[in-house]
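Reconstruct the complex from the two isolated chains, following the hints.
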Amino acid sequence: MEVFIEKTGEKIKISYMGKVKSLLNKLKINNETVIVVRDGELITEEDLVDEKDKLKILSVISGG
Amino acid sequence: MMKCEKCLNNAVISNPVLCKTHFISYFEEKVNFTIKKFKLLKKKGKIAVAVSGGKDSMSLLYLLKKFSYNVYALAVDEGILGYRDRTLINMKKFCIKNKIPYKIISFKEKFGQRLDDIVKNNKILPCSVCGVFRRRILDVHSRGFDVLATGHNMDDEAQAVLMNLAKNNISLLSRLGPISGKKRKKEFTMRVKPFYFCSEKEIMVYSFINRINADFEECPNVPMSFRLRIRGMLNDIEHERYGAKRNVIDTFQALSIKTTKDDEKQKFCIYCHEPSSKEICSACMYVKTLKTTTI
Numbered sequence: 001m002e003v004f005i006e007k008t009g010e011k012i013k014i015s016y017m018g019k020v021k022s023l024l025n026k027l028k029i030n031n032e033t034v035i036v037v038r039d040g041e042l043i044t045e046e047d048l049v050d051e052k053d054k055l056k057i058l059s060v061i062s063g064g
Numbered sequence: 065m066m067k068c069e070k071c072l073n074n075a076v077i078s079n080p081v082l083c084k085t086h087f088i089s090y091f092e093e094k095v096n097f098t099i100k101k102f103k104l105l106k107k108k109g110k111i112a113v114a115v116s117g118g119k120d121s122m123s124l125l126y127l128l129k130k131f132s133y134n135v136y137a138l139a140v141d142e143g144i145l146g147y148r149d150r151t152l153i154n155m156k157k158f159c160i161k162n163k164i165p166y167k168i169i170s171f172k173e174k175f176g177q178r179l180d181d182i183v184k185n186n187k188i189l190p191c192s193v194c195g196v197f198r199r200r201i202l203d204v205h206s207r208g209f210d211v212l213a214t215g216h217n218m219d220d221e222a223q224a225v226l227m228n229l230a231k232n233n234i235s236l237l238s239r240l241g242p243i244s245g246k247k248r249k250k251e252f253t254m255r256v257k258p259f260y261f262c263s264e265k266e267i268m269v270y271s272f273i274n275r276i277n278a279d280f281e282e283c284p285n286v287p288m289s290f291r292l293r294i295r296g297m298l299n300d301i302e303h304e305r306y307g308a309k310r311n312v313i314d315t316f317q318a319l320s321i322k323t324t325k326d327d328e329k330q331k332f333c334i335y336c337h338e339p340s341s342k343e344i345c346s347a348c349m350y351v352k353t354l355k356t357t358t359i
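Line by line, the protein sequences give chains G and S.
The opening residue of the first sequence carries number 1 in the numbering used here; numbering runs sequentially from there.
The opening residue of the second sequence carries number 65 in the numbering used here; numbering runs sequentially from there.
Isolated chain S (complex conformation) (with noise of 0.2 Å):
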C-alpha cells in the first residue's frame, strides 16, 4: 500500500501522498487559509450556505459548522423530478441531525412552475432558466445575512474561467473568483467560496472520509451543458499534466480581469424592482415568456 508522506498510514489519496488523518488537516487547513487570505467569513457572522444536497455544499455545511460558524442552510427546489427531491430529503436529515436552521424554496412557489414543467411546456435549455431563477432566489433570501457561502470548486472555477473565455464573455469572466460580483453591492449579499482551492476530487474524498451523507447523483440536465464537455476537457489535462486546473485560476486570479462596467449606478428591473443591468430582469423576461404566475 501507498504510504502518507507525513506518517506511516496508508495513503487515501496520491496527489498529494496523504493518509485520512493528514488530508482532513490539508483540506481543512486549506479552506480555512483561503478564508482568512480572501476575507471570506467573520467569525461572527451569519452565514447563509447555499445547499443543494449534494456533496460539495454538504461538505461546505459540515466543514463551516465544524469550524463554529453560524450557519444557516438555504435550499433551492428546481423541480427536478428523481433527482432535487431526493437530494432535500438527505439535506433536511443532516440539518436536523446537526442542529442547523434551513429553509427551501421552490421554483413552483417563486415562479409557478416546476423546472420539469418549464422544460417539457417551452422546449428550452433547462440549464439557463434554471440558472437564472436560482440566482434569483438566493438573492431575495440570502437579504440579512452577512454573506451567502457557496460549494464551488477548483473544477467548477477553472471550467467557468475556460467556458466564458470561449464564449468571449468578459462580463461573466469578470465575476468569477473567491468572491463573487465585480465589485461590492449594497444590493447583493456577499457571495463566497471557501472551496475556491479545492478540487472536487478532494471534496469527494473529504465528504467519504467524514462519512457525510451526500448525495451522489449527478443533476439528469447537466449533459444538455456546454459545461459537460468543457469539464472532460479539463479532467482529461489534469490527467496528463497534475495542477492544470490550479494553473488556470491561479492564470485567472494574477489576471485579475476588470470592465469599464464597475462604477455604473445599479439599474432596477421595472417589474420586480430587484437589482438589473437591464430594464427587465432576465427573471421576468423568463416569467413573461414563459407565461408563468407573478413573482
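Next up, chain G with everything else stripped away, as it sits in the complex (with noise of 0.2 Å):
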C-alpha cells in the first residue's frame, strides 16, 4: 500500500494488511497525534486496510 505521512512530507510503499492501529504501531506514530484518511473519507484505528489502499496520515497539531 501507499502510504503518504503528512508530518516528514514521506510517501512510502508498505506491506501490509490489518487494522490501522498496527499500521501506526509499525510506523511508530501515536494513534493521538494523527488522523488517518483513505479516498478523502477518514477512518478509525479499529478499521481493516490492505495492499490496495492509498493513506494519508494527517498530523493533529496546534500551530499557535
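By construction, these hints were calculated from the structure, which means they are not laboratory data.
Worth double-checking, as some hints may not be accurate.
Said to hold, decoys possible - Below 30 Å or equal to it, Euclidean Cα-Cα: the simulated DSS-like pairs (lysine-lysine) are: (1) G:Lys26 <-> S:Lys67; (2) S:Lys110 <-> G:Lys26; (3) S:Lys84 <-> G:Lys54; (4) S:Lys103 <-> G:Lys52; (5) G:Lys52 <-> S:Lys84; (6) G:Lys28 <-> S:Lys67; (7) G:Lys56 <-> S:Lys167; (8) G:Lys13 <-> S:Lys161; (9) S:Lys156 <-> G:Lys56; (10) S:Lys70 <-> G:Lys56; (11) S:Lys67 <-> G:Lys11; (12) G:Lys56 <-> S:Lys130; (13) G:Lys19 <-> S:Lys103; (14) G:Lys7 <-> S:Lys103; (15) G:Lys56 <-> S:Lys161; (16) S:Lys103 <-> S:Lys184; (17) G:Lys7 <-> S:Lys156; (18) S:Lys67 <-> G:Lys19; (19) S:Lys184 <-> G:Lys7; (20) S:Lys70 <-> G:Lys19; (21) S:Lys184 <-> G:Lys56; (22) S:Lys67 <-> G:Lys54; (23) S:Lys187 <-> G:Lys7.
Next up, the structure:
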C-alpha cells in the first residue's frame, strides 16, 4: 500500500494488511497525534486496510 | 468498517465511536455545554476571536458563526516567515468568504521588529517574547469587546497544568480554566475557551469533516519549547489510558487553585500605562532590552 505521512512529507510503499492501529504502531506513530484518511474519508484505528489502499496520515497539531 | 454507536454509518472516530453526523452533533453539543456551564458567551455580545489561521481558531470562528454569535476575528502577525504569512492568507480568505470582519496587528508595527529578527538579533528563546507580545496586542485590541474567545483546547490546557506544576508556578496555574485569569478585572477583556473540553484530535476531525480550510502547519519555533516534551508525554499516556488528558483538567478544576494575591490592587506599567503586576511590564522590559522602537 501507499502511505503519505504528512508530518515528514514522506510517501512510502509498505506491504501491510490489518488494522490501522497496528499499522500506526509499525510506523511508530501515536494514534493520538494523527487522523487517517482513505479515499478522502476518515477511517478509525479499528478499521481494516489492505495492500491496494492509499492512505494519508495527517498530523493533529496546534499551530499556535 | 467500524460502525457508529448511534447508527449504521461508518465511524470517523473511535473515542467515542461516531459517524460524521453524530460526531458533529457530539462536538457542537460539547462546545455549547461548555459555553452555557461556564457562562462564556452572551448571544448578543460582541465577541473577538483570537485567530491564527490554524485549525483550532478557524474551527472556533466557524462554529461560533454557525451558532449565530456576533464574531470579529483578531489576528497577530508575529513575523515568522514561511509560517504566519501563510496561515494569515487562509484566515483572510475564510473571513471574506464568511463575511466576518477581521483585523491583523503585527509585531513590526507595534514593537518595531518581526519575531524572526528579534530571535536573530538577540539570541533569545522565541516562545517567551512571542507570548508576552501576543498577549499585549490581544489585550489592547480586544478592548471594547465583551469577551475574547481563544481556540485553546483540552490538550493545551492539560499541557499548561502539567508545565506549571513542573515549574511550581502557582500564579500561572491559578489563571488557567475555561475563563482565563484569577478573577474578573475591568482592565482586561474576559478571555474564554469554548474548546476547553475538546481534544486536539476532535477539533482536527471537526475541521476535516467541515472542510475548514485551516493551515495544519506547525510553528517552526515549537521544537524549542518545553511544551513539546510535555505534549509528547501526555499523548503517550493518553494512548495507553484514554481519558488521561480530561482527567488532568477535571482534577485541576476540582482543586480550583487560588492564590492569596487575588485582591491586590491593579498596578500599571510606568512606561506604557498598561495593567502590570510589576512597575515595568514584561512587554516594556523586552522592548527596552531588545532596543526596539516605542510601543
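We went through each hint and held it up to the structure:
no.: 1; hint: G:Lys26 <-> S:Lys67; verdict: holds (24 Å)
no.: 2; hint: S:Lys110 <-> G:Lys26; verdict: violated (49 Å)
no.: 3; hint: S:Lys84 <-> G:Lys54; verdict: holds (21 Å)
no.: 4; hint: S:Lys103 <-> G:Lys52; verdict: violated (50 Å)
no.: 5; hint: G:Lys52 <-> S:Lys84; verdict: holds (25 Å)
no.: 6; hint: G:Lys28 <-> S:Lys67; verdict: holds (26 Å)
no.: 7; hint: G:Lys56 <-> S:Lys167; verdict: violated (34 Å)
no.: 8; hint: G:Lys13 <-> S:Lys161; verdict: violated (39 Å)
no.: 9; hint: S:Lys156 <-> G:Lys56; verdict: holds (27 Å)
no.: 10; hint: S:Lys70 <-> G:Lys56; verdict: holds (27 Å)
no.: 11; hint: S:Lys67 <-> G:Lys11; verdict: holds (29 Å)
no.: 12; hint: G:Lys56 <-> S:Lys130; verdict: holds (29 Å)
no.: 13; hint: G:Lys19 <-> S:Lys103; verdict: violated (42 Å)
no.: 14; hint: G:Lys7 <-> S:Lys103; verdict: violated (37 Å)
no.: 15; hint: G:Lys56 <-> S:Lys161; verdict: holds (28 Å)
no.: 16; hint: S:Lys103 <-> S:Lys184; verdict: violated (43 Å)
no.: 17; hint: G:Lys7 <-> S:Lys156; verdict: holds (25 Å)
no.: 18; hint: S:Lys67 <-> G:Lys19; verdict: holds (15 Å)
no.: 19; hint: S:Lys184 <-> G:Lys7; verdict: holds (26 Å)
no.: 20; hint: S:Lys70 <-> G:Lys19; verdict: holds (22 Å)
no.: 21; hint: S:Lys184 <-> G:Lys56; verdict: violated (36 Å)
no.: 22; hint: S:Lys67 <-> G:Lys54; verdict: holds (21 Å)
no.: 23; hint: S:Lys187 <-> G:Lys7; verdict: holds (28 Å)
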